[in-house]
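A.B. asks: So you can see what is in the structure, the chains are spelled out below.
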Amino acid sequence: MPVPGLAVAILALLQHPALSPCPLLGFSWQVCSRAVQAMIEVLAKLGRGPVFLAGEVLECVITFTNPLSASSTSASSEMLAWASAQIHCQFHASENRVALPPSDGSKHDVQAENETVFVPNRGERGQCILSTPPKILFCDLRLDPGESKSYSYCETLPIDGPPSFRGQSVKYVYKLTIGCQRVNSPIKLLRVPFRVLVLHGLKDYQFPQDEAVAPSNPFLEEEEGLKKDSRLADLATELLMVATSRRSLHLYNISNTRGKVGTFCIFKTVYKIGEDVIGTFNFSEGDIPCLQFSVSLQTEESIQEEFQRRRGQPVSFSTHARHQEACLHTAQSSFSLPIPLSSTPGFTTNIVSLKWRLHFEFVTSGESAGTCLVRGSQSEAVTWTGVEQMEVDTFSWDLPIKVLPTNPILASYVSQFSNTNSITI
Amino acid sequence: MYFLSGWPKRLLCPLEVLEQPLHIQTDPQRAFFAVLSPSQLSIWYCRPSVLIVSYKELSKAASQFGPYKQAEWRPDSTMIAVSTANGYILFFEIPSARDKYLYEPVYPKGGPHLKGTPHYKEEQCAPSLNLEMKKVLDLQASITSLQSTIEDLLVATADGFLHLIHWDGMTNGRKAINLCTVPFSVDLQSSRAGSLLGFEDVYVRDMEYCATLDGFAVVFNDGRVGFITPMSSKFTAEQLHGVWAQDVIDGTCVAVNNKYRLMAFGCANGSVQVYTIDTTTGAMQFSHKLELTPKQYPDIWNKTGPVKLMRWSPDSCVVMVTWECGGLSLWSVFGAQLICTLGGDFAYQSDGSKKDPLKISSMTWGSEGYHLWVIDGSSSNVKPERDANNEAHQFGILQFHFIKSALTVNPCMSNQEQVLLQGEDRLYLNCGDATQAQSPRNASAHSEHKPTRERGPFSDGSLDSQGLSTLLGHRHWHVVQIHSTYLESNWPIRFSAIDKLGQNVAVVGKFGFAHYSLLTKKWKLFGNITQEQNMMVTGGLAWWNDFIVLACYNLNDHQEELRVYLRTSNLDNAFAHITKLQADTLLLSIFRDIVILFRADCSICLYSIERRPEGLNPTASIQVLQEVSMSRYIPHPFLVVSVTLTSVRTETGITLKMPQQACEAESIMLNLAGQLIMLQRDRSGPQIRDKDNNPNQRKHLPFCAPVVLAQSVENVWTTCRINKQKRHLLEALWLSCGGAGMKVWLPLFPRDHRKPHSFLSRRIMLPFHINIYPLAVLFEDALVLGAVNDTVLYDCLYTQTSAREHLEVLFPFSIVERTSQIYLHHILRQLLVRNLGEQALLLAHSCATLPYFSHVLELMLHEVLEEEATSREPIPDPLLPTVAKFITEFPLFLQTVVHCARKTEYALWNYLFAAVGNPKDLFEECLMAQDLDTAASYLIILQNMEVPAVSRQHATLLFNTALEQGKWDLCRHMIRFLKAIGSGETETPPATPTTQEPSSSSGFEFFRHRSISLSQSAENLHGKFNLTKTLSMPSGPSGKRWSKDSDCAENMYIDMMLWRHARHLLEEIKLKDLGCFAAQLGFELIGWLCKERARAARVEDFVFALKKLHKDFLWPFPVIPASSINSPFKNGKYKTAVGEQLLKSQSADTFVNMEMDTGVSNTPRSRSWLGTIGSSQREIDNVSSHGPHMQDAFLSPLLSKGDECSIGSATDLTETSSVVDGDWTMVDENFSSLSLTQSELEHLSLELASKGPHKSQVQLRYLLHIFMEAGCLDWCIIIGLILRESSVINQVFSIMQSSDIDGEICQNIKTGLHAVDKWASTDCPGYKPFLNSIKPQIQKLSEIVEEQVQPEAFQPVNLSKVTEQANPRAEESRTSSSHGTNPQSDAGNGNASRHEEDKSKTEDEDSFQEGSYDCIVS
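If you read the protein sequences in the order shown, they are chains W and C.
The first sequence begins at 36 in the numbering used here and counts up one residue at a time.
The second sequence begins at 71 in the numbering used here and counts up one residue at a time.
No lab work stands behind these hints, which were simulated from the structure alone.
Watch out, some of these pointers could steer you wrong.
Said to hold, decoys possible - Below, in silico cross-link-like pairs of lysine-lysine (DSS-like), each with a Cα-Cα straight-line distance of 27 Å or less:
hint, chain 1, residue 1, chain 2, residue 2
1, C, K329, C, K359
2, C, K130, C, K179
3, W, K437, C, K591
4, C, K359, C, K373
5, C, K1405, C, K1181
6, C, K592, W, K390
7, W, K206, C, K591
8, C, K580, C, K329
9, C, K990, C, K1037
10, C, K592, W, K206
11, W, K303, C, K425
12, C, K179, W, K295
13, C, K591, W, K80
14, C, K1037, C, K955
15, C, K570, W, K80
16, C, K365, C, K425
17, C, K1140, C, K990
18, C, K591, W, K390
19, C, K425, W, K437
As the list claims (entries may be wrong) - Far from chain C, by Cβ distances over 10 Å, these chain W residues were calculated:
hint, residue
20, L135
21, R160
22, E360
23, A361
24, C362
25, I436
26, K437
Model, not experiment: these values are computed from the prediction.
Backbone N, C-alpha and C fix where the C-beta goes; we use that ideal spot for every residue, glycine too.
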């Protein structure tokens, strides 16, 4: 639900006088803050890797360490006033492609560097379209030299949010922000970017036994949360497998105005990211020689009409893999295009939609086969050589395919995000 | 290594004149291939695969010459010789029309172009060629073999002659040698005059020239094979000599591998015998054999027919073999089998029917081995009549695609911890391991001693399994498509290299190179194309940190150069460091900071490489260190497969004392045609003394004479990393030896760092078999990574018969999958066999932290057990006891044995336990070690090996322990198990423990079946069990059982145990455990409590119980609200705002002590604060402090304490991990989307912390309900106290009044409350307000009690006295109050607060809230 107004509401609330930080809180820490400011290391670790399915529980272990500095003999305890964590999804749209409805909040395209209020998306471009309630990790943390404390932050990712996406017009970026503050110091933010995959329709799946199993006994609750979460992942994996494992023959005749070029065959049209798109060509039955073909695996990013800056502005394509082959004297050939694990599966929001397709281009001969080929007779030794130049036509064809997410753990292996992030404050 | 990829491509001959092709041959440069059909010679271009020119023989001439048979290219590709059936040789010249290209597309004007690069024609179009027949030669006998040498064409004819024909033909014509005149012997030493061939009609059936051996490998028509070598430079009959291969008598064909000097002879029995030449005697020496095994190919291994054809790949790494009956099989140079299309999906359709194997009449490799063109001989049979027009074009030329390991061409090993495969247009990387592989390494250290699997979110187990699955299970590749711009102008890719971290790759094509970053997903190409096209990489390339080091030939300056490019700068020669070289480089490798070059003049040159930070772009500088001439040892530079520096030495005793030396370049490892040669630095001389004085001296240490370490070596892995913990693995040398598996040259370390005996060997070479082809060795992880071909069938999709010709039907789709293998158990076992147990122990201990170490032990035990227990021959010195003893050295012993037992047959158990010890003892050891899951596994074994009484006794033991430890799953299983035994007892022995269904079968067979299913269910225990099952288990099956008479005794017995445990829990005041116990096992709590109301369910010590509950449920002790806390929430929702006090040790005593200590020291702090805030506030404070409802006298020390204790410590992982995210969400909903400010956070956290976790609250309420139902009123009181709900107390009291409750209970409650009150006054004043609020009820209660019983009356005076005692101290410390109350007014305040004690709590809170709000000054 990318509601720009939500972000506005948040902004407005932040200006509320009652919510401004109270100076009184600072008093009891003054002694500490006067001491030489040493460091506290904050390390956030996503144990399972930086990729999640929407609806899953994100778990992050945040460790605060007072590094033991051997040099300073007078190593003192360090104090942190509080730390809090929150997940948000930042939306950013390209100015000249997307026209967002005017709203008073959106004029703050870049969040102000407000240093006294915990604003997770402080200093970031775009709007916060989705955020989870902030959770307090602790207040008043004292760390002796060399001491470290770990906190676990768990939050269910909204199941109906957009997927992480970096397109040409629109970006959806998910981040876990850990804000912490020393006394009398500005708030420091540690950002942990992660990737969210969305499997549409997952939320419509009710867990049928849920009601039946729901334990009335509170002592049975312990493992329930974990189980439910793993069940979500299992269900998603199963759904994905059902959706993508079915194979059937899809045959297409390729022909242009002059006649038949050949046939194209693909075995399924629904894929997971990380899979290979495999297809075969048969040119032996064609009438028109084909010199060359290329297959590109593309995404088509289109802005919904009401948000388009200009009417009828072109959609933008990006190519993820390409296969090109000369096929003049080829009867049958095949290609395999890897769908990158790091690419975004198809999705639609109220602003943008991303669709996948195979884009074909063929270079075909102007003449039909056979006429140019054999010069010779039975009477004498003949030498046949190919023609030097061929009049050619080019034409293209698009085949939409569906690309779905995959098991988030698998996707973690190639993620550009790292599992651990840290700052020193 | 080589892997088949995808489907083959079928070529389409555009000619209408149809002749079935029969021979295919690429030219020496592999740019063209010639296709022969009976009267037609065609030249195709390789990329793109298009027909360039075709020559059709006149029909008249064709009948004279006979059909074409074989074609051979002249080495410079300007001529082709074609032999015909009637003994003619036709010489064709191939004049190329310069700058003329074929099939250039002409796009319509203004129309869209597909793509246009400047060199489009050269790169995308085929060159124009012509074919002219130059000469015809009649040899008058049918020609059996053609072989091209540099200057001559060698022709073997069926009349026993060898004809030597000069390519230019004119100068000295031809020479014929009669084979009968060539002497043959077993070796070249025995005698100059060996026996002549002796009989007339012997001729050469097949032959091939071997340049590196300078001679011909020949196969005679009678099946004998041999090698003919000229004794001098001249090739005449008198100078020729032949040697026999004595064991081969059914040879059919030959293929020569020049790089490894191997001759592969195909035999009629389907095997391939590979020979080499013994360089000292000149005799033919058997190397290895390529043979399908009956194990892998049971239905084909003997039925392949004779070997038809063999072709070595261009890089000499693999050989393709085909048989008369068809099929392709691919073998590594020393005989590891990689692919065979005679089995699996290649041979069978998805419906199980057998396919006709692909019959191959001719095949040839394309450039760099990416393609293999094959003439499908079987297609001629399919052709007849049917749809001639379409079918006619289907010439059976198939183009297979291959992916190969980067190791095959670029053997710089030091950085190969990744698997990198290179395909024609893409790279395959084992993705993610670079980062993920580290995690198990680190995490495993912590998880080592956690035998029980914890489901907690932070247990390292989950990390381990994930990291491990990355290494072992995960089969995805990271595919990188090579940049099309680079590829188009520089196809084919010749070398590729990946950096140490696996984040950057570089590829080398025909010219120049390009590199790619996996992080940014961007390619970097030469900005200046001229620079790219002027550079030709010769000796491979390697990464050195951020630099790419490569040896190349500068086409512009005609100069060999060593270049170093920086990855981060633009790819331009301006940023490169260039060193000129004297001779061509053949190989390049890097060891730490040393670049090793092997040059064409057979010398090894060492350079030092150093990073120089110069400005923005750091450069690397290179300096010569040392040059070592190897020409004495190397007959031909082409034979050197790899050269590398290693730190491996033979004397490890030295390095043990000085481990820092281990990283130095100690020896050169040289792979000479499969022979691994080591040259060590000579440290024997006086140089050792000079070493300290002059560091340069040591770099020039000479090398000793070479030592041969191993034969048949394909790849070598060493590492320059140091890890003192895993020295065995890191200082070892790993070899892959093709069909012979792998070898490791393991260092042996003297024990206890003693000086080793000089007669003890310091290293040992151990061979071991692995099932995969190794591509990378992960040293620390004791893993070998590899890849295997897999196939996917698509034929089922085609149902119409017309589709039979589709390639998708004929062939499965080939994919490459990653594999990995553990090998440690082989090595350990071999060490044990060799009586090197000490070394084995050292090695095993160094690896004990690996996540799969238990698996290693288990595998070892299992293999030895299977071998020795099933051996038919007696084993005088069995290894099993040794292995068993060895495993006892590890804490995993118990687990390993039981896992192994459960995976082996019952019949072997006796043998196993005879070696490892009695299972009863092992079971008890498990119990002592608290490893209950393993104990449960042993129980299954006991159950099968012992009488029921014994297993029952043990099961009871385990059940009790499981109850104590709260292993509920295990408890449920034990209940089931015990019942099963019980039911079994009533039946006839041997016991058949039925759990689900009574079975009719009995005896041994059934026994085994049971044990398996039981063990399976036990394994499900952690993972698969879904909730429904676990929930229904206690009530479901057990409920049914209970009705059965035979089980009653057993059930009684189990119930007794359950009751006993429940009583025990209650007596220990473990309410939380009791709740879990009842919930998990379906224990009927209320009924039992009713029975126990007056016994175990009586609370003896209220205070202790209260404290215990606080602790168990992580419930904070109440604290009296601090007035100085400012709540911004005026809505009154958080009226019960109180400071939280959760000390690490929650005993009240320490709390008090600390309070006293810190109270004084805090005073100055608050004073200083007073100063800064100013006097106006003080006035307000004074006003508020004189207010009527002052209770804050208790408080100030707590507040200052608040600084020190962590509010969030309930969720503090360092203390307890059970509360995951507790109740952080309990923020006011209005503000849920808000970003909170400091003060709000502070306030909220305080409020929340005073309550305790939400879950605890629910649980407490649940218990309260249970106790209420069961009438355990004293417990209700305690829970009411802890929840601080007066309604609960009231309810209990009303029950006590209304119903007629045992007076003893009332008395008990009364004394209990009294005790609590007393305790609260002294130790936990936070309880006072609540106790005060319920005081009237207590009063009433005591009246009731007094009515009933008269004794020691409850004295209210007492209570107030206690409060008085508490007050002064509180007031004292109040001086440090942040509230800033005037110390002088203390006494008055104290009195005031005492007077107000009777006020109800809520009122107090209210007024307090207001007061504190007034205090806010902004």
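A.B. asks: Holds or violated: K1037(C) and K955(C), Cα atoms, limit 27 Å.
C.D. replies: violated, 31 Å
A.B. asks: Do the alpha carbons of K130(C) and K179(C) lie within 27 Å of each other, as the hint requires?
C.D. replies: violated, 47 Å
A.B. asks: K1140(C) and K990(C) were given as a pair; does the straight-line alpha-carbon distance stay at or below 27 Å?
C.D. replies: violated, 32 Å
A.B. asks: Verify the proposed pairing of K329(C) with K359(C), using a straight-line Cα cut of 27 Å.
C.D. replies: holds, 18 Å
A.B. asks: Does K206(W) lie within 27 Å of K592(C) when you go C-alpha to C-alpha?
C.D. replies: holds, 20 Å
A.B. asks: Between K580(C) and K329(C), does the CA-CA distance stay at or below 27 Å?
C.D. replies: Judged against 27 Å, a Cα distance of about 21 Å means the pair holds.
A.B. asks: Quick one, are K303(W) and K425(C) close enough, alpha carbons at most 27 Å?
C.D. replies: At roughly 25 Å apart (the allowed maximum being 27 Å), K425(C) and K303(W) satisfy the hint.
A.B. asks: Are the Cα atoms of K1405(C) and K1181(C) separated by 27 Å or less?
C.D. replies: holds, 25 Å
A.B. asks: Over 10 Å from every CB of chain C: does L135(W) meet that, or does the non-interface label fail?
C.D. replies: holds, 20 Å
A.B. asks: Over 10 Å from every CB of chain C: does I436(W) meet that, or does the non-interface label fail?
C.D. replies: holds, 17 Å
A.B. asks: At 10 Å, judged by beta carbons, does K437(W) keep clear of chain C as stated?
C.D. replies: holds, 19 Å
A.B. asks: Can you confirm whether the C-alpha distance between K365(C) and K425(C) stays at or below 27 Å?
C.D. replies: Within the cut-off at roughly 21 Å; holds.
Hints 2, 14, 17, 19, 22, 23, 24, counting from the list given before, are not met by this structure.
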